[in-house]
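Novice: Protein sequence lines, in the order shown, are assigned to chains A and B.
Under the numbering used here, the first residue of the first sequence is numbered 96, with each subsequent residue one higher.
Under the numbering used here, the first residue of the second sequence is numbered 96, with each subsequent residue one higher.
Hints should not be assumed to be uniformly reliable.
As the list claims (entries may be wrong) - Far from chain B, some chain A residues (derived; all Cβ distances over 12 Å):
hint : residue
1    : Glu128
2    : Gly182
3    : Arg386
4    : Gln387
5    : Arg429
To be verified - Part of the chain A face toward chain B, derived, beta carbon under 10 Å:
hint : residue
6    : Tyr157
7    : Ile367
8    : Met369
9    : Phe423
As the list claims (entries may be wrong) - Computed from the model, here is a short list of chain B residues facing chain A with C-beta under 8 Å:
hint : residue
10   : Pro159
11   : Asn348
12   : Leu359
13   : Gly360
14   : Phe362
15   : Ile367
16   : Gln370
17   : Ser375
18   : Pro379
19   : Arg380
20   : Ala383
Hints were generated in silico from the structure; no laboratory data involved.
Since this is a predicted model, take the numbers as computed values, not measurements.
Note that the Cβ used here is the ideal one computed from N, Cα and C, for glycine as well.
Protein chains: 2
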Amino acid sequence: MIPNTYRRVVLARRPPGEPKEDDFRVEQQAVPEPAGQEVLVRAIYLSLDPYMRGRMRDVASYAPPVAIGEVMPGGIVGEVVKSGLPGFKPGDIVEERLGWQEYAISNGAQLRKIDPGLAPISTANGILGMTGLTAYYGLFEIAQPKAGETVVVSAASGAVGQVVGQLAKISGCRVVGIAGGAKKCAFVTDELGFDACVDYKASSDIDPALKAACPNGVDVYFDNVGGAITDAVLRNLNFFARVALCGSISQYNAAASESGPRLLGPFVGRRIRMQGFIVSDYLPRSAAAFRQMGEWVRSGRLKYREDIVDGLENAPRAFIGMLRGENFGKMQVRVGADPWLKP
Amino acid sequence: MIPNTYRRVVLARRPPGEPKEDDFRVEQQAVPEPAGQEVLVRAIYLSLDPYMRGRMRDVASYAPPVAIGEVMPGGIVGEVVKSGLPGFKPGDIVEERLGWQEYAISNGAQLRKIDPGLAPISTANGILGMTGLTAYYGLFEIAQPKAGETVVVSAASGAVGQVVGQLAKISGCRVVGIAGGAKKCAFVTDELGFDACVDYKASSDIDPALKAACPNGVDVYFDNVGGAITDAVLRNLNFFARVALCGSISQYNAAASESGPRLLGPFVGRRIRMQGFIVSDYLPRSAAAFRQMGEWVRSGRLKYREDIVDGLENAPRAFIGMLRGENFGKMQVRVGADPWLKP
């Protein structure tokens, strides 16, 4: 039963610092009719990701900013409910960046069909979706860890960090996470199998804990956070270390550029390589990564943790909390019923 | 006529900040006798280079620090005066890192024979020596400029910078130097053929001048200076820009790590790659670079400027001045008579 109307979340205004709930607006819309070779998708899971904060700024980046009044961007796992597109039929589970809304039209160009028998369908927003792909290519292509090396990953229990660390373990590395709080750290070591985890909330200076966890220094740093945590890791980099710059969530709400210590000097003698990357550059190679990670997920070698809240109206609050580090695992919003969810 | 004694400069104490002349000590020594397959070299040109400041610190880096009382390290172009080493005879011009001294023994392992007919022998300390090699591999291997791109190089009239910019011009790039003062900038554009030069002494904020000189942004930054100049360039990097970290002379005299703006955030979306390097990693491939650059020097396609002072006793003062940017071109000390110098 397709309703007459659906809800969507648009950007109401641009927050200068930390977003507030009324920077977003929930709107009611008439459910559209797919035309020609289009499909109508009923959203089930909405992915919430730190990159969205960047789109809220009126600054040119790798993607254009969201306009005021425009639907917030975001990945959706949903169900085809109407289809004029060959190859897609009602009931098919699909994934696409369709935005923060309960229904959406797709022309199919970016639509990915998901096999709901392989893993919970929400994973198509996470470990078997963009965040998993980010971890996979960021680690293997940018950071290039070698067996025996020490790999440090920040936001270690987060959507990307949890995958990075497990992939590095599979690669034979010593893996050290950085996460906020004893509960997240215990998850990272006890559930995910990292060798150690540094709790950045336990001390204002993580350097001693980091040094203790990395007795041979740091060969690879997969950075999701930036700021003071990253400073501490950069000070402990080994000769020929590689830094994969994936995100800097600690800086996203800053109204102006923060100051920090100048740390590039030693990069010369240590021949350190630091490189930013964006997952979309690797989309043409996503099938290989999903096939490999899908095998590891099914065999239990790769674990994942999701943090799911219910109801589109709760997306702004969940998003704001994620920017504060309040989520525990891949943040998602269950926007509609999941027919594949096991009770 | 070989004298009985010679002079050498040793490190007298470790300066916490800017070195002073009495951080060095000139000593008189008996000229040694080469034993077995060794040569005795009479120094003619001593190369002064920013990396030496790093060796004066008691900090582990890619090379061990100079001990107190030990001869300062440095490249020497000199003349063989005694030889028990097959292939080397008195009168041969050679190059090796033999230190701040008028005579030195070499076992030949690192000794490079120089053809004095090809170019002034001092160039074996500069454009056809370590600094030329630094420019060549730093630019081509680390920064990888493509024709049509904009290349910015700091310390543009310096030993490495002047070569980097000319090599980038040969590669078909738009080349913008950064140098201190109108005289250096005029040299960089008028003599070396850079497209533009930003005078960092003309304003406390080089951003407007840099933007004007780089209307299409910056694709490659070859960094010799670090600090605020580098901050300004990093803010103007294009998508997929590359930064070759060669040195950070602005920071070498700092007693403690300075602060500066956090600029890594935009590296993610812009997929910027930043990499430190050391010329010694490329020594096994030096012959190819010297052959190519030697051709360009002889044909006049590559120009160079040296700043030569006379007398070993003036090496400390010249070195201190170089760290302040007072030199104009590749800094060298003429330690002894150059038999190949044209009057």
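Novice: Confirm or reject each hint.
Specialist: Cross-check of the supplied hints:
At the 12 Å boundary, the C-beta of glutamate 128 (chain A) stays outside the reach of chain B, the nearest C-beta of that chain being 36 Å off. The claim that glycine 182 (chain A) lies off the interface holds: its Cβ sits roughly 33 Å from the closest Cβ of chain B, which is beyond the 12 Å cut-off. With a minimum CB-CB distance of about 25 Å to chain B, arginine 386 (chain A) clears the 12 Å threshold, and the non-interface call stands. No beta-carbon of chain B comes within 12 Å of the beta-carbon of glutamine 387 (chain A); the shortest separation is about 23 Å.
Once the 12 Å rule is applied to beta carbons, arginine 429 (chain A) is consistent with being away from chain B; the minimum gap is 29 Å. Hint status for tyrosine 157 (chain A): holds, given a least beta-carbon distance of 4 Å to chain B, under 10 Å. At its closest, the beta carbon of isoleucine 367 (chain A) sits 5 Å from a beta carbon of chain B; the interface hint therefore holds under the 10 Å criterion. Evaluation of the methionine 369 (chain A) hint against chain B yields a held restraint, the C-beta minimum of about 5 Å falling below 10 Å.
Contact between phenylalanine 423 (chain A) and chain B, as hinted, is not supported at the beta carbon level, the nearest pair being about 24 Å apart and thus beyond 10 Å. Of the supplied interface hints, the one on proline 159 (chain B) is violated, with its beta-carbon coming no nearer than about 12 Å to a beta-carbon of chain A, more than 8 Å. Annotation: asparagine 348 (chain B) was flagged as interfacial toward chain A, and the flag is violated, the nearest CB pair being 12 Å apart, outside 8 Å. Satisfaction of the interface hint for leucine 359 (chain B) is found here, the shortest Cβ-Cβ separation to chain A being roughly 6 Å, below the 8 Å cut-off.
Taken as an interface hint, glycine 360 (chain B) checks out: its beta carbon lies about 4 Å from the nearest beta carbon of chain A, inside 8 Å. Residue-level restraint check for phenylalanine 362 (chain B) holds (minimum Cβ-Cβ distance to chain A is 4 Å; threshold 8 Å). Proximity of isoleucine 367 (chain B) to chain A holds as hinted, the smallest CB-CB distance being about 5 Å (cut-off 8 Å). Taking 8 Å as the C-beta contact cut-off toward chain A, the hint placing glutamine 370 (chain B) at the interface holds, the least distance being around 4 Å.
Nearest Cβ of chain A to the Cβ of serine 375 (chain B): about 10 Å, over the 8 Å cut. The hint is violated. For proline 379 (chain B), the interface hint is violated, since its Cβ never comes within 8 Å of a Cβ in chain A; the closest pair sits about 15 Å apart. Hint on arginine 380 (chain B) is violated. Least Cβ distance to chain A is approximately 16 Å, over the 8 Å limit. Interface hint status for alanine 383 (chain B): violated, as the beta-carbon distance to the closest one in chain A is roughly 21 Å, over 8 Å.
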